[in-house]
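Student: All chains, please: the whole structure from these sequences, using the hints.
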Amino acid sequence: MNGFWVMLRREMAMAWGRGGGPLLALTFFVATATLLPLAVGASPARLAAVAPGSAWLALALASLLSLERLFERDYEDGTLDLLALGPVPLEAVAFAKGLAQWLTNGAPLALAAPVVAVALGAELRLVPLIFISALIGGLGLAFTGGIGAALSLGSKRGGVLIAVLVLPLFAPPVIFGAGAIEAFAGGLDWHPALALLSAYGLAATALGPFAMAAACRNALS
Amino acid sequence: MFQALANPQRFMDFSRWAAPLVGIIAVILITVGLWLSFIVPEDYQMGDTVRMVFIHVPAAYMAMFCYACLGGASFMGLVFRHSLADAAGRACAPLGAGFTFLALVTGSLWGRPMWGTWWAWDARMTSVLVLLLLYIGYMALQAAIDDEVKAARAASILALVGLINLPIIKFSVDWWNTLHQPASVFRAGGPSMPPDYLWPLALMAIGYMALFGSLWMVRVRSEVWRKRANGLALQAAG
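Those protein sequence lines, which keep their order, are chains A and B.
The first sequence begins at 1 in the numbering used here and counts up one residue at a time.
The second sequence begins at 1 in the numbering used here and counts up one residue at a time.
Treat the hints with caution; some may be incorrect.
[To be verified] With the C-beta cut set under 10 angstroms, the calculated list includes, among others, these residues of chain A facing chain B:
(1) Thr-34
(2) Pro-172
(3) Ala-214
Calculated directly from the structure, the hints in this document are not laboratory data.
Here the structure is a predicted model, which is why all the values come from computation and not from measurement.
For every residue, glycine included, the Cβ atom is placed at its ideal position computed from N, Cα and C.
Tutor: Here it is, written out as structure tokens:
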């Protein structure tokens, strides 16, 4: 257990230490959202209709950004070999990496999501739900994304490949996350969507590390 | 049967005559099925376009069947480490992607006269589109890693992740669709299928299966040959 906390602290420090941590993802998130009014027109009525949904779309895209470095860095400098030989099981290492990805990327993005959504014209009463759904959804995005990151180890086209592998798997969290907000905005019952979103996030958290560890062992063999 | 055929030599002996035989069966079934589908009477509602059913529905069915085969081959490859299972997965993906693409294209061509639109974000269409993306991801991953064994294992893991995710995606898309309440472009209910239509549909479905089986064996054979050729080339290079 001690090894796990060391891993988690290390991953957090690495994420913040080099490359400014979540700043890149946040900037990308804001930049994507900025292009939306330019693409569909700035009329408030039109923007307000798509605001929560497009905030979720930008969130899914922004959470892809730092995935490439999640395993690649350790794979290239040989740290992953040592981790695989060490006393902490590779599954726990993968879990720590996924969790760190969520804490350093998903959580800041979840804080930014309501701001972006409101800037695009979402109503203020949606703010708490947008934050919560982005936070819970981020868990699913981090752990599903981690599988793609681990699988693409050893390939030459890291970033784009991860996006191709992972984006189809992002369909359920995007549907449930945006669905909860839309249901709430429409005065419908939003609990089922949020429950399903949480279920997806927890299932990804529980199963993802095993797939990640298997993929890492394969890349290292 | 799987145990016996896992031996590459035995598989090669078996598929040498099985692949062409199944292929001939496929040609006969599809020919008869196509002929029947052209002589069945028109549908009173859909007119001549009803004939699309016989090409479209089996393709959509095969799109999912191929992914099940891909998942099965990936599981065998990961758990039992049969090299033939890796070859089978590799050989299966483009066929499945082909059937999925055929299902999407024929569906789109059919949608134009029947619903007046090439594409609707209907639950079923959306999840088939995601299925196509999963196939493409599998092939992209396999192509991106140089080491063949590693590529096969990584792609197998992805296929199993996709296999777990497919029902979730299907469910979520269905759920999303009921939430959105789309304009009802689909005729509600409709007549249950008369036996006139059932026969060509069944023949086409079995024909597609046979076609897939035959092509699959041919592709696995060529994988085995390719590996042998690579081995010989390495030997010759000393």
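Student: For each hint, tell me whether it holds in the structure or not.
Tutor: Comparing the hints with the structure gives:
Here the hint on Thr-34 of chain A is broken, as its CB sits about 26 angstroms from the closest CB of chain B, past 10 angstroms. Hint status for Pro-172 of chain A: holds, given a least beta-carbon distance of 4 angstroms to chain B, under 10 angstroms. Interface restraint check: Ala-214 of chain A against chain B, minimum CB-CB distance 5 angstroms, threshold 10 angstroms, status holds.
In this structure, the one hint that does not hold is number 1.
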